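Go by the hints and put chain B onto chain A.
2 protein chains.
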Amino acid sequence: MISLESGAILILSGPSGCGKSTLLKELYKSVNKYYFSISTTTRLPRVGEQNGVDYFFVTKEQFEEGIQKGEFLEYAEVHGNYYGTSLKPILLALEENKLVIFDIDVQGQDIVKKSELNRYVTSVFITTPSLEVLKNRLYSRATDSNDVIEKRVRNAVIEINSIDKYDYIIINDDLQKASLELVSVARSAMLKTSLFSKDHIVSKWLN
Amino acid sequence: MISLESGAILILSGPSGCGKSTLLKELYKSVNKYYFSISTTTRLPRVGEQNGVDYFFVTKEQFEEGIQKGEFLEYAEVHGNYYGTSLKPILLALEENKLVIFDIDVQGQDIVKKSELNRYVTSVFITTPSLEVLKNRLYSRATDSNDVIEKRVRNAVIEINSIDKYDYIIINDDLQKASLELVSVARSAMLKTSLFSKDHIVSKWLN
Chain A
-10 MISLESGAIL ILSGPSGCGK STLLKELYKS VNKYYFSIST TTRLPRVGEQ
40 NGVDYFFVTK EQFEEGIQKG EFLEYAEVHG NYYGTSLKPI LLALEENKLV
90 IFDIDVQGQD IVKKSELNRY VTSVFITTPS LEVLKNRLYS RATDSNDVIE
140 KRVRNAVIEI NSIDKYDYII INDDLQKASL ELVSVARSAM LKTSLFSKDH
190 IVSKWLN
Chain B
-10 MISLESGAIL ILSGPSGCGK STLLKELYKS VNKYYFSIST TTRLPRVGEQ
40 NGVDYFFVTK EQFEEGIQKG EFLEYAEVHG NYYGTSLKPI LLALEENKLV
90 IFDIDVQGQD IVKKSELNRY VTSVFITTPS LEVLKNRLYS RATDSNDVIE
140 KRVRNAVIEI NSIDKYDYII INDDLQKASL ELVSVARSAM LKTSLFSKDH
190 IVSKWLN
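First to last, the protein sequences are chains A and B.
Taken in order, the first sequence gives residues -10 to 196; the numbers are from the working numbering.
Taken in order, the second sequence gives residues -10 to 196; the numbers are from the working numbering.
Source of the hints: derived by calculation from the structure; they are not laboratory data.
Watch out, some of these pointers could steer you wrong.
For chains that are exact copies, the list does not tell them apart, and a pair is met inside one copy or across any two.
Unchecked claim - Cross-link-like lysine to aspartate or glutamate pairs, in silico, DMTMM-like; alpha carbons within 20 Å at most:
{"hint": "1", "residue 1": "102", "residue 2": "50"}
{"hint": "2", "residue 1": "49", "residue 2": "38"}
{"hint": "3", "residue 1": "187", "residue 2": "94"}
{"hint": "4", "residue 1": "181", "residue 2": "-6"}
{"hint": "5", "residue 1": "181", "residue 2": "84"}
{"hint": "6", "residue 1": "193", "residue 2": "148"}
{"hint": "7", "residue 1": "187", "residue 2": "121"}
{"hint": "8", "residue 1": "77", "residue 2": "63"}
{"hint": "9", "residue 1": "187", "residue 2": "105"}
{"hint": "10", "residue 1": "22", "residue 2": "-6"}
{"hint": "11", "residue 1": "166", "residue 2": "-6"}
{"hint": "12", "residue 1": "193", "residue 2": "162"}
{"hint": "13", "residue 1": "181", "residue 2": "162"}
{"hint": "14", "residue 1": "140", "residue 2": "121"}
{"hint": "15", "residue 1": "181", "residue 2": "148"}
{"hint": "16", "residue 1": "187", "residue 2": "153"}
{"hint": "17", "residue 1": "181", "residue 2": "105"}
None of these values were measured; they are calculated from a predicted model.
Chain A with its partners taken away, still in its complex shape (with noise of 0.2 Å):
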């Protein structure tokens, strides 16, 4: 009798304004068990943050401690701190059978697919339907200060022309629309052949 259940892991990327935050809220709504990948830093806590929720906040020596023995899928000094993927959280929830999602950039996502946890992988890249409704919700949410929007804007593009490095594209026009095509790519990356053992299953089958 198979019984097939395995942990997967979801990669988002996408850019700022794309509306990711709201469609990781409808997602969670239809994932039976997930975890969120949440980040090491070395950086101090901004008023509201929280440990363990935000980030995982701990000081630089811990950091290259963890860096020397291994512990980090993936890490980057930005502005004289450390962020991080610690392997131990991400290791137990795939043992755990759930669906470990990371919201991670265009680089994160190429050295997690490069990396042993590759077969569990799928990618989605999620966007605006155009750059003008990108700039436009940026603008209009007005949470960010013209010169930090402009940086979004470019690197933006930049990302844009990353698309193939993804399995799936999704379009966030109309958000029922884009919310079903996300639950659908993760019920989907929970099926994917390579998470299991061929023998396995076959030896599981015949009896």
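Below, chain B without anything else, positioned relative to chain A:
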């Protein structure tokens, strides 16, 4: 403005008795535009079979002319009759942005995946939770002779060993669950980045 529309190919394989036909009927309700690929054959129609519904029925001469003109995506001779898949209706359906659905075996899947159409393909293997459940279903539906059932069972054991050639696996234990899974895979199949040209996406997005 990106409008992401493309045809795609969904290949379904699985042993006779796995519930494929029922799942297909459910799938048709959820997919907007689809084309179920109909095989061409030189064998005579059986009682109740309709040309263009069950098969395209042609003469041996017509079929061999088709072979010479390269009109078949794949074909085989079985017990003196030809069976094949014409390329033309598939290319037409893809042009019309339809989901082209194939109900073919492991060898057929191999050929389509190795063809120029590969970038359109998502493949799913559907099976029962165990060999015993398959046997029970085949014997209880009582539509085949014991000889035929035993041949189907032998084939199923061979086919389950090719599971790793497929993108996805669905265990049809609970019809509602399996149906939801198939619909999810079909929806995802229409969102694969390989369906689209990167240059097209980028230029549409920028303008």
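Hints, one by one, checked against the model:
no.: 1; hint: 102 x 50; verdict: neither (28 Å within a copy, 50 Å between copies)
no.: 2; hint: 49 x 38; verdict: within (18 Å within a copy, 74 Å between copies)
no.: 3; hint: 187 x 94; verdict: between (32 Å within a copy, 18 Å between copies)
no.: 4; hint: 181 x -6; verdict: within (11 Å within a copy, 24 Å between copies)
no.: 5; hint: 181 x 84; verdict: within (16 Å within a copy, 28 Å between copies)
no.: 6; hint: 193 x 148; verdict: between (43 Å within a copy, 15 Å between copies)
no.: 7; hint: 187 x 121; verdict: between (47 Å within a copy, 19 Å between copies)
no.: 8; hint: 77 x 63; verdict: within (12 Å within a copy, 47 Å between copies)
no.: 9; hint: 187 x 105; verdict: within (18 Å within a copy, 27 Å between copies)
no.: 10; hint: 22 x -6; verdict: within (11 Å within a copy, 32 Å between copies)
no.: 11; hint: 166 x -6; verdict: between (27 Å within a copy, 14 Å between copies)
no.: 12; hint: 193 x 162; verdict: between (43 Å within a copy, 14 Å between copies)
no.: 13; hint: 181 x 162; verdict: between (27 Å within a copy, 17 Å between copies)
no.: 14; hint: 140 x 121; verdict: within (15 Å within a copy, 60 Å between copies)
no.: 15; hint: 181 x 148; verdict: between (26 Å within a copy, 17 Å between copies)
no.: 16; hint: 187 x 153; verdict: between (29 Å within a copy, 6 Å between copies)
no.: 17; hint: 181 x 105; verdict: within (16 Å within a copy, 23 Å between copies)
Consistency note: the structure conflicts with earlier hint 1 alone.
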